[in-house]
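With the hints as constraints, model all of the structure from the sequences given.
All residue numbers for the sequence shown refer to the numbering used here, where the first residue is 529 and numbers rise by one.
Honestly, the hints are just simulated from the structure, not real lab data. Don't take every hint at face value.
Unchecked claim - The list that follows gives simulated cross-link-like pairs (lysine-lysine, DSS-like), each with its CA atoms no further than 25 Å apart: (1) K615 / K683; (2) K699 / K766; (3) K802 / K790; (4) K790 / K699; (5) K802 / K695; (6) K802 / K766; (7) K657 / K683; (8) K695 / K615; (9) K657 / K616; (10) K683 / K766.
Claimed, not checked - Now the in silico label distances, taken between C-beta atoms and shown as ranges: (11) G805 / A750: 16 to 24 Å; (12) Q640 / E684: 54 to 62 Å; (13) P633 / Q743: 14 to 22 Å.
From the three backbone atoms N, C-alpha and C, an ideal C-beta is built for every residue, glycine too.
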Amino acid sequence: MKRFTVPLAMVLLLAGCGTSERPSTPSVTPPAGVSVSLAQWRSDEPVHALEVAVRNTTDTPVYFADVQLVTASFRTLPAQRTDATLKKTERTDLRITYGPANCLPQGLPEVQPATVVAHVSTGSEQPRKVVFNVPHPDPLLARLLRDECSEFLIKEAADIEFGPEWKDDGKAMRGNLVITRRGNGAVTVTDMGGTTHFIVTPEHRPLGVLAAGRQRLEVPIALTPGRCDPHAFAEAKKAFLFPVRASIDGGQERVVIVVPPKPLQDRLIPWAMKTCGLG
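So this is what it looks like as structure tokens:
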């Protein structure tokens, strides 16, 4: 039997024919005159979104096929299609969602460097991968990371939520804020703030302490309408994002955003409009 020897180069060539993988397109620097920064509008906050603000100082149109935020501080989501052609512009916002913060159980992490990765083309060329470096530390990402991880630390110790029973006494909607133990430590609920639509009035401040050996705490609160103009009800983007300030074992206060369940939300808006004389 004859033995055939195949040259190594041919083996590698044949092996490559058996896979559909292609070498990744190398990252390249952004087109001249094109830069990005990060911003967030009020309507972005409830849906975990932000704006990639693009500036094009040249007369050549720039096409963004997709955009992706990449940073160790937040979970990386797949690139999101934008399909936007931008002429010379001081600022054009490309809206994308971003992933959950990567929080630590032992404290607040430092914000990590970030890049905006996009497939971009100028003129008639084909889109290519481009990496924009976000100036570090970015103040928006630092704030988002701090807020989300502060909330994470409190939620590791206790759940804070609206209670199930709410009654209209003619002047206010009254019910309880319920704190239920999840982890260790004494949880002090210092205060609860209102929203664009509702004023919160607790019976006392601080609201209460969930002692280390206690499993549940109910704190009475009252809600009253904060604004009674029709425009306010038409722009109810943050009507139900109630900030609650709390701390664990006397440590630094953190903010937790507490949202009433949907059935209660559906009661509160008609009630507030009626109380304001708009219903």
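Hint-by-hint comparison with the structure:
This hinted pair does not check out: K615 and K683 have alpha carbons roughly 46 Å apart, beyond 25 Å. Taken as a hint, the K699 and K766 pair is honoured in the structure, with Cα atoms around 23 Å apart against an allowance of 25 Å. Of the supplied pair hints, the one linking K802 and K790 holds, its CA atoms being roughly 19 Å apart against a limit of 25 Å. Of the pairs offered as hints, the one joining K790 and K699 holds, with about 22 Å between alpha carbons and a cut-off of 25 Å not exceeded.
Pair hint K802 plus K695 holds up; C-alpha atoms about 15 Å apart against a cutoff of 25 Å. About 20 Å separates the Cα atoms of K802 and K766, which keeps this hinted pair within 25 Å; it holds. Annotation: proposed proximity of K657 to K683 is violated, straight-line Cα distance about 39 Å (limit 25 Å). Restraint check for K695 and K615: not satisfied, since their Cα atoms lie roughly 55 Å apart, outside the 25 Å limit.
This hinted pair checks out: K657 and K616 have alpha carbons roughly 21 Å apart, not beyond 25 Å. Taking the CA atoms of K683 and K766, the gap is near 21 Å; set against the 25 Å cutoff, the hint holds. Checking the proposed 16 to 24 Å range against G805 and A750 shows it holds: the Cβ atoms sit about 19 Å from each other. Between Q640 and E684 the CB atoms are about 21 Å apart, so this pair departs from the stated range of 54 to 62 Å.
Between P633 and Q743 the C-beta distance comes to about 21 Å, which sits within the given range of 14 to 22 Å.
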